[in-house]
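Protein chains: 2
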Amino acid sequence: MSNVQSYLDAHFNEALEDLKAFCRIPSVSTDPAFAEDTVAAANFVAERLQRAGFASVELLETGGHPAVYGELISDTTLPTFLVYGHYDVQPPDPLEKWVTPPFEPDERDGRLYARGVSDDKGPLLIPIIVAEAYMKMAGRLPVNLKVLIEGEEESGSPHFDATLQTHRERLACDLVISADGAMWRPDRPSMTVASRGLVAFEVTVDGASKDLHSGRHGGSAPNAIAALAALLTSLHGEDGRVSVEGFLDGTSPPDARIIAAIEAADFDASAYYGEIGSNKPDPIDNGRELLIRQWLEPTLEFNGISGGYQGRGTKTVIPATASAKITCRLVAGQEPDHVVAVVKRHLEARLPRGFALKVHQHGPGSSAFFVDPDLPALKVAEGVLADLLGREPLRVAMGATIPIGASFRKHLGTEAFFFSFSTSDEDYHAPNEFFRLANFRIGLTAWALLLERLAAA
Amino acid sequence: MSNVQSYLDAHFNEALEDLKAFCRIPSVSTDPAFAEDTVAAANFVAERLQRAGFASVELLETGGHPAVYGELISDTTLPTFLVYGHYDVQPPDPLEKWVTPPFEPDERDGRLYARGVSDDKGPLLIPIIVAEAYMKMAGRLPVNLKVLIEGEEESGSPHFDATLQTHRERLACDLVISADGAMWRPDRPSMTVASRGLVAFEVTVDGASKDLHSGRHGGSAPNAIAALAALLTSLHGEDGRVSVEGFLDGTSPPDARIIAAIEAADFDASAYYGEIGSNKPDPIDNGRELLIRQWLEPTLEFNGISGGYQGRGTKTVIPATASAKITCRLVAGQEPDHVVAVVKRHLEARLPRGFALKVHQHGPGSSAFFVDPDLPALKVAEGVLADLLGREPLRVAMGATIPIGASFRKHLGTEAFFFSFSTSDEDYHAPNEFFRLANFRIGLTAWALLLERLAAA
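Keeping their order, the protein sequence lines are chains A and B.
The numbering used here applies: residue 1 is where the first sequence begins, and numbers increase by one.
The numbering used here applies: residue 1001 is where the second sequence begins, and numbers increase by one.
This is chain A alone, in the form it adopts within the complex (with noise of 0.2 Å):
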């Protein structure tokens, strides 16, 4: 290990080299006008495996960008680990509010800015150039190690649970270590240890057959916004929780060190109202039930609405018809169909005379995903980065949903967990993207000692 250090060291200079490289290349998934940037960056990926050491590196297909995938076996009674990333970037618009333009990569104060370099390019470089250090060093891992760096992430991973079926037995491991992800706040070092699924719908309410007039008919003829925006009030308490008989069905209490966590937080509630533009009296006015209800409890949000005339001025119609879209953040235990057939069931049974309801879900949905508490190689994780910093990482969740962890239970049976470098403050969908130098340097460090602890433990 010191002398894989000494090397990363020697040739930091180079990563950042290799960094700016990649940073350049305006792999924009969303955008066909990036296609052929996008190739080149899937070719980068595939090189830099190749010059680390990787064997079997190959562009997998995928019906949309392709994936890139390498692997280094040392010896097979060794563990495996798969690594994951994405080489994809979110679209830099608006191009104005850049300081240096994004796919120029420029080094200020510590940081390196451009699109992408936090999310994920920074990050899913550090395992690559560890790999090769040991192997220029040592001339093998000290585990197994395969690398699935996907070209789709930004726009919805549509082919990856396709990939990940195809390819199952050449991605088979032991556990996933995604290189994408990042730390909750830059003064702490933290894993993310569970975050929410998410199911969506729509709900539909009729009252007459078409518009009315609403001086011959108003007071009489059913008001379809009226009942609506009751079905909704219904949705949730006083307290802004759910109120849906059934909503909580499968779930547990949550991880006890999730909670231990957001207690050692502190976390401020009213810099987080600042934050967000609310300069009104918070609704929830402590930081702890604030964080647990964002990373813990399951939501019922309501995402949009229509009904009746929406243009300007007014209309004296009474709609024959409203109707919201909605989607649920779920916990570990809450099933994507029978959430939606609860709150189907809530609706139902409250609904007014004069009106029919329709529930529309959109999409199967996806479950929340969580670390087991209990999986040896978050505590070899956790160690690595207790030792390197200072400080025990929190064990902190998150409110979004991130699909892959799901994807790889499903489809490869095996865990996985984030070991990113990454800061969720560094603007990685907003202008001005950064990534810290020193987060750099500390993933590389981290990253050698995390594949020397697992091959121990």
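It should be emphasised that the hints constitute simulated quantities derived from the structure, not laboratory data.
Check the hints yourself; a few may be wrong.
Here are the simulated lysine to aspartate or glutamate pairs, DMTMM-like style, with alpha carbons at most 25 Å apart [to be verified]:
#: 1; chain 1: B; residue 1: K1210; chain 2: A; residue 2: D37
#: 2; chain 1: B; residue 1: K1315; chain 2: A; residue 2: D161
#: 3; chain 1: B; residue 1: K1358; chain 2: A; residue 2: D239
#: 4; chain 1: B; residue 1: K1280; chain 2: A; residue 2: E275
#: 5; chain 1: A; residue 1: K210; chain 2: B; residue 2: D1161
#: 6; chain 1: A; residue 1: K410; chain 2: A; residue 2: E348
#: 7; chain 1: B; residue 1: K1020; chain 2: B; residue 2: D1106
#: 8; chain 1: B; residue 1: K1210; chain 2: A; residue 2: E107
#: 9; chain 1: B; residue 1: K1210; chain 2: A; residue 2: D285
#: 10; chain 1: A; residue 1: K210; chain 2: B; residue 2: D1285
#: 11; chain 1: A; residue 1: K315; chain 2: B; residue 2: D1031
#: 12; chain 1: A; residue 1: K315; chain 2: B; residue 2: D1425
#: 13; chain 1: B; residue 1: K1210; chain 2: A; residue 2: E289
#: 14; chain 1: A; residue 1: K280; chain 2: B; residue 2: E1335
#: 15; chain 1: A; residue 1: K315; chain 2: B; residue 2: D1106
#: 16; chain 1: B; residue 1: K1315; chain 2: A; residue 2: E202
#: 17; chain 1: A; residue 1: K315; chain 2: B; residue 2: E1275
#: 18; chain 1: A; residue 1: K280; chain 2: B; residue 2: E1202
#: 19; chain 1: A; residue 1: K358; chain 2: B; residue 2: D1093
#: 20; chain 1: A; residue 1: K344; chain 2: B; residue 2: E1289
#: 21; chain 1: A; residue 1: K315; chain 2: B; residue 2: D1374
#: 22; chain 1: A; residue 1: K315; chain 2: B; residue 2: E1335
#: 23; chain 1: B; residue 1: K1210; chain 2: A; residue 2: E275
#: 24; chain 1: A; residue 1: K210; chain 2: B; residue 2: D1239
#: 25; chain 1: B; residue 1: K1210; chain 2: A; residue 2: D161
#: 26; chain 1: B; residue 1: K1210; chain 2: A; residue 2: E36
#: 27; chain 1: A; residue 1: K358; chain 2: B; residue 2: D1425
#: 28; chain 1: A; residue 1: K97; chain 2: B; residue 2: D1211
#: 29; chain 1: B; residue 1: K1344; chain 2: A; residue 2: E238
#: 30; chain 1: B; residue 1: K1210; chain 2: A; residue 2: E335
#: 31; chain 1: B; residue 1: K1315; chain 2: A; residue 2: E335
#: 32; chain 1: B; residue 1: K1315; chain 2: A; residue 2: E104
#: 33; chain 1: A; residue 1: K358; chain 2: B; residue 2: E1289
Using the hints provided, position chain B relative to the given structure of chain A.
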């Protein structure tokens, strides 16, 4: 009067030919493509007034389509009545639903089919023809008559108030009699003695300063749709009535004679819900209460709602803002501004933490219209209908808003009542509008008798 009736009988076919000629002019006021036709209809009315013997016949400039004025002053010691009507018509769309073309009047089964024949060309021709009969047979009218026929009623009468104000001396009268309006049902004579006022406003709720990601922020950030839905729901009670404190300020119990008319009407609520296409259990299952709500109670109806994502599929956004368009129908005693103020106060008191509220009123609104129940001319008119039709007319109210009543009261200081021989089932805003020729005949006799009895009253 017997001479006049003989004249009307002898010249009924000419009257019918006049009405057909009038209906051949497509005077659609809302569509600039018909601008020339609309002026042609104004000229038709002016010529018909001159032929009947009216003096001072003139097209009054309004800034939009002209109004037509004429007068017949028999004796300045007699009372003066102003007849109101409108020569413009609704658009004829959808054309393909007409059995015969809308501007080619067609007699079938005792009805004349044409756009505008019932609203308001037939009814407004009646008093002109009656005046002509008096002039031919007696050389004078039993009362003084002024006639004002506007050309923008179907466009919301945007220049009507200004026209009344400009010409208020010329238009001075003891009472306005509107030839526009409609009997409620074909099987029973009725007088419309009240209609509801109107005020429109928009309610907007703001949470965060921009839409937020529902994964990251779900459960903690303020959801504007949820707050709006709860606020809207708070505006009505369980029985569907408005539950805002102060909403009924200034109102009095309704005219007992209208309640009596409602009870006599034996209205079928189930048939009503069938007609409007609500094939669900009737929200209000007795006809008496339904008519009381439609005619005599104020409403607060949601006309439109919007917020968040409204496109196809789904978007995981927590909307920063949501808004609803609302109109209230008002009864006698309710002031539009006061109604908006008490609704605003109600909403502000219930605004959840974390949100801001805006209430924007659209225009000044209009108060309810109602005829003084003791107006002598109203009783004269009721007596005419009772004598001619063999049954006491019902005193009915209408849910929709008739701004002209309030306009005449405001600018001329005179009361108004409706004496129309249109019937509310004559499809006047739909394809195949028709006018019952029996009512054309009855209307001629009734107006002749009305003028004679008003002179004696």
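Right, here's what the structure says about each hint:
Taking the CA atoms of B:K1210 and A:D37, the gap is about 32 Å. The hint is violated against a cut of 25 Å. About 21 Å separates the Cα atoms of B:K1315 and A:D161, which keeps this hinted pair within 25 Å; it holds. Taking the CA atoms of B:K1358 and A:D239, the gap is near 24 Å; set against the 25 Å cutoff, the hint holds. The suggested pairing of B:K1280 with A:E275 is violated, with an alpha-carbon distance near 47 Å, which exceeds 25 Å.
Proximity of A:K210 to B:D1161 is assessed by CA-CA distance (about 33 Å); at most 25 Å being required, the pair is judged violated. Distance check on the hinted pair: A:K410 and A:E348 sit about 33 Å apart at the alpha-carbon level, beyond 25 Å; violated. Restraint check: the Cα-Cα separation between B:K1020 and B:D1106 comes to about 8 Å, which is no more than 25 Å; the hinted pair holds. Taken as a hint, the B:K1210 and A:E107 pair is broken in the structure, with Cα atoms around 31 Å apart against an allowance of 25 Å.
Distance restraint check for B:K1210 and A:D285: the Cα-Cα separation of roughly 21 Å lies within the 25 Å cut-off, and the hinted pair is therefore satisfied. At most 25 Å may separate the alpha-carbon atoms for a hinted pair to count; A:K210 and B:D1285 meet this at roughly 21 Å. Between the alpha carbons of A:K315 and B:D1031 the distance comes to roughly 18 Å, so the proposed pair stays at or under 25 Å and holds. For the hint pairing A:K315 with B:D1425, the CA-to-CA distance comes to about 23 Å; that is within 25 Å, so the pair holds.
Under the criterion of a C-alpha separation no larger than 25 Å, the hint pairing B:K1210 with A:E289 is consistent with the structure, at around 23 Å. The straight-line distance between the Cα atoms of A:K280 and B:E1335 is roughly 32 Å, outside the 25 Å bound, and the hint therefore fails. The suggested pairing of A:K315 with B:D1106 is violated, with an alpha-carbon distance near 34 Å, which exceeds 25 Å. Restraint check: the Cα-Cα separation between B:K1315 and A:E202 comes to about 11 Å, which is no more than 25 Å; the hinted pair holds.
As the CA atoms of A:K315 and B:E1275 are separated by approximately 22 Å, the hinted pair is consistent with the 25 Å bound. For the hint pairing A:K280 with B:E1202, the CA-to-CA distance comes to about 21 Å; that is within 25 Å, so the pair holds. Distance hint between A:K358 and B:D1093 is unfulfilled; the C-alpha atoms sit about 32 Å from each other, more than 25 Å. With a C-alpha separation of about 32 Å, the suggested pairing of A:K344 with B:E1289 is violated against the 25 Å cut-off.
Among the hinted pairs, A:K315 with B:D1374 is inconsistent with the structure: their alpha-carbon atoms are about 35 Å apart, more than 25 Å. With a CA separation close to 20 Å, the supplied pair A:K315 and B:E1335 stays within the 25 Å bound. With a C-alpha separation of about 11 Å, the suggested pair B:K1210 and A:E275 falls inside the 25 Å cut-off, and the hint holds. At roughly 23 Å between alpha-carbon atoms, A:K210 and B:D1239 fall within 25 Å of each other, so this suggested pair holds.
For the hint linking B:K1210 to A:D161, the alpha-carbon distance of about 33 Å lies beyond 25 Å, and the restraint is violated. With a CA separation close to 34 Å, the supplied pair B:K1210 and A:E36 exceeds the 25 Å bound. Under the criterion of a C-alpha separation no larger than 25 Å, the hint pairing A:K358 with B:D1425 is inconsistent with the structure, at around 34 Å. For the proposed pair A:K97 and B:D1211, the alpha carbon gap of about 19 Å is at most 25 Å, so the pair holds.
Proposed proximity of B:K1344 and A:E238 is supported: the alpha carbons are some 22 Å apart, at most 25 Å. Taking the CA atoms of B:K1210 and A:E335, the gap is near 31 Å; set against the 25 Å cutoff, the hint is violated. Restraint check: the Cα-Cα separation between B:K1315 and A:E335 comes to about 20 Å, which is no more than 25 Å; the hinted pair holds. For a cut-off of 25 Å, the pair hint linking B:K1315 to A:E104 is broken: about 31 Å separates their Cα positions.
Distance check on the hinted pair: A:K358 and B:E1289 sit about 30 Å apart at the alpha-carbon level, beyond 25 Å; violated.
In summary, the numbered hints that this structure violates are 1, 4, 5, 6, 8, 14, 15, 19, 20, 21, 25, 26, 27, 30, 32 and 33.
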